[in-house]
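Visitor: Add chain B to chain A, keeping to what the hints say.
There are 2 protein chains.
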Amino acid sequence: MKILFSFVPNNEIQKDLIEQFPDASFSFRRLSEAGELVSEAEIFVTYGEDLTEENILGFHRLKWIMVVSAGLEKMPFEQIKERNILVTNARGIHAIPMSEFAFGFMLQYSKRFAEMHDQQKEQKWNRNLPLKELYNSTLLILGTGAIGTETARIAQAFGMKTEGVNSDGRAIEHFDQTYPIDRLNKPLPNADYILSFLPSTEETKHLLQSEHFHLMKESAVFINMGRGSLVSMEVLLNALRAKEIAYAMLDVMEEEPLPADHPLWNQANITITPHLSSISSEYIPRALTIFKRNLHAYLNGEDHFQNIIDLNRGY
Amino acid sequence: MKILFSFVPNNEIQKDLIEQFPDASFSFRRLSEAGELVSEAEIFVTYGEDLTEENILGFHRLKWIMVVSAGLEKMPFEQIKERNILVTNARGIHAIPMSEFAFGFMLQYSKRFAEMHDQQKEQKWNRNLPLKELYNSTLLILGTGAIGTETARIAQAFGMKTEGVNSDGRAIEHFDQTYPIDRLNKPLPNADYILSFLPSTEETKHLLQSEHFHLMKESAVFINMGRGSLVSMEVLLNALRAKEIAYAMLDVMEEEPLPADHPLWNQANITITPHLSSISSEYIPRALTIFKRNLHAYLNGEDHFQNIIDLNRGY
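Taken in sequence, the protein lines are chains A and B. Residues in the first sequence are numbered from 13 upward in steps of one, following the numbering used here. Residues in the second sequence are numbered from 13 upward in steps of one, following the numbering used here.
If we strip away everything but chain A, and leave its shape as in the complex, we get (with noise of 0.2 Å):
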């Protein structure tokens, strides 16, 4: 049976998979480079980015995909149906990392490090800086999965209360409260921060509005850790500009990468990060572990793989 990885995990990773299976080929290939090695896969390891409506079409043997990621939106899901091909993914492994993330951006905020950071290259030494604590303040989350459930465990440590806001509102452990989508304007107008890790469906896209913003607090923080498509940027800057929410802290856009001469970089109460809150040294061991289990169960013809992705929701 024919692996082919369309990236080069390290050589321990690589040694690993081969000693753990040793009646699997495993091929480390970018796809421009892979060749026959196409034709030939029953298996294919991608990131997800790399696969299109043409390519797959090269494809032949194809039964499985495993997509080292939790964001699928460009993946030909039509032609995968239609050829029935397995996808899993790696949902999941993103909570450490992405939740650790969460506290700092907030922790950045709430404590100027930013601006102190900015005060150190001046040698500057001025302590008339309010800083505020997440103690007592007010976590709104958008999307109760495993980030968000982990993001709300760390919140109520910290003393936070917490609240979530899912499909329809069932209770998740670790939030105080939850909200079903079509409710959200309830929870807005109490919450300090507003989290999303909502991923990019036909469901969440432009999903805040103006009156969302409108409905916040004036103090509120706007954080975006799913997908740039929950909210238009003109949208986001009016609210900022109008000063109807304090603070936007931004790990995804709409347009990526964010283009040089875009307003966003240079709009105050606002911070950019280049979509890397998921980016950690534990990333492609954590995936390859739900890999490998799969991989199991897939040698012994069974049907119960961790992570599957239901081709009809497209998550």
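Everything labelled a hint here was simulated from the structure, so no lab data went into it. A couple of the hints might just be wrong.
It does not matter which identical chain is meant; a pair holds if it fits inside one copy or across any two.
[To be verified] With a straight-line cut-off of 30 Å between C-alpha atoms, the simulated DSSO-like cross-links for lysine-lysine are:
{"hint": "1", "residue 1": "K86", "residue 2": "K255"}
{"hint": "2", "residue 1": "K173", "residue 2": "K229"}
{"hint": "3", "residue 1": "K173", "residue 2": "K217"}
{"hint": "4", "residue 1": "K136", "residue 2": "K86"}
{"hint": "5", "residue 1": "K27", "residue 2": "K229"}
{"hint": "6", "residue 1": "K133", "residue 2": "K255"}
Guide: Frame of chain A, contents of chain B only:
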């Protein structure tokens, strides 16, 4: 009974004090402008930096000093002892803001927010920043009091391993392991973050020497949020220059304010913040909660006060 505050709390707080203690007479005035109020005051409430060996002579009726901070190193202890004046402080109220600040520091480093801030200013979208996780790393805390314990508790929520150093190595909740200060060398080689909350005492002055930095991991981050006297700037600068550790984050320095021409400002791999990790809008309300509890006891002639300072130990 006359009570002199050498700072001016906001009106709401003043009103609350006057209402809760109708028999006391409160004055809120800087010491240099307090005139007759000094000689009449039985109780003095201060940040602790304005009392000297000279001006304490003017306090003819002083029975109790409430210091609304934790650091007492500037107090004229000899005279206070001779006159048998009660001293209490606000120990414990720093736990929340300072533990939050500690995670701000660690996440600032591990998630490289300072570099991302600089990139944003340059309108540069660069994703090539290897981020680290707090998860699974080892945090060694010097000082296992209220602040250290609160920090260890949250560190465990982040999945960090927690080790602590205190005077006798006694076990403390939320620390996986503790060591006595005279065995400090033992945990140093395993720590990813070495975080000090130690106060300034005879024992802690220049406690950390070159040999200690030599024992730390090359990837270690040293964080000082206690008192600058813990380590001489020379020892620290040498350790950084010799790359014995990866990074230092200092909220306290041997000399404060740090002079504009001090070499520390220009040293690579260091973050300097101007001694404000305890700053919080909740500071005075929390300190006065302790004061009010003690004032009730004082007025009732009781002697079980919260946060009494042992004048022989100085803390």
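Visitor: If a hint holds in the structure, say so; if it does not, say that too.
Guide: So, going through the hints one by one against the coordinates:
1. K86 - K255: Answer is neither; intra-copy 35 Å and inter-copy 44 Å both fail.
2. K173 - K229: For K173 and K229, only the intra-copy Cα distance (16 Å) is at most 30 Å; the inter-copy one is 37 Å.
3. K173 - K217: For K173 and K217, only the intra-copy Cα distance (27 Å) is at most 30 Å; the inter-copy one is 40 Å.
4. K136 - K86: Result: close only across copies, 25 Å inter versus 47 Å intra.
5. K27 - K229: between (53 Å within a copy, 28 Å between copies)
6. K133 - K255: both (29 Å within a copy, 21 Å between copies)
Of the hints listed earlier, the one the structure fails to meet is number 1.
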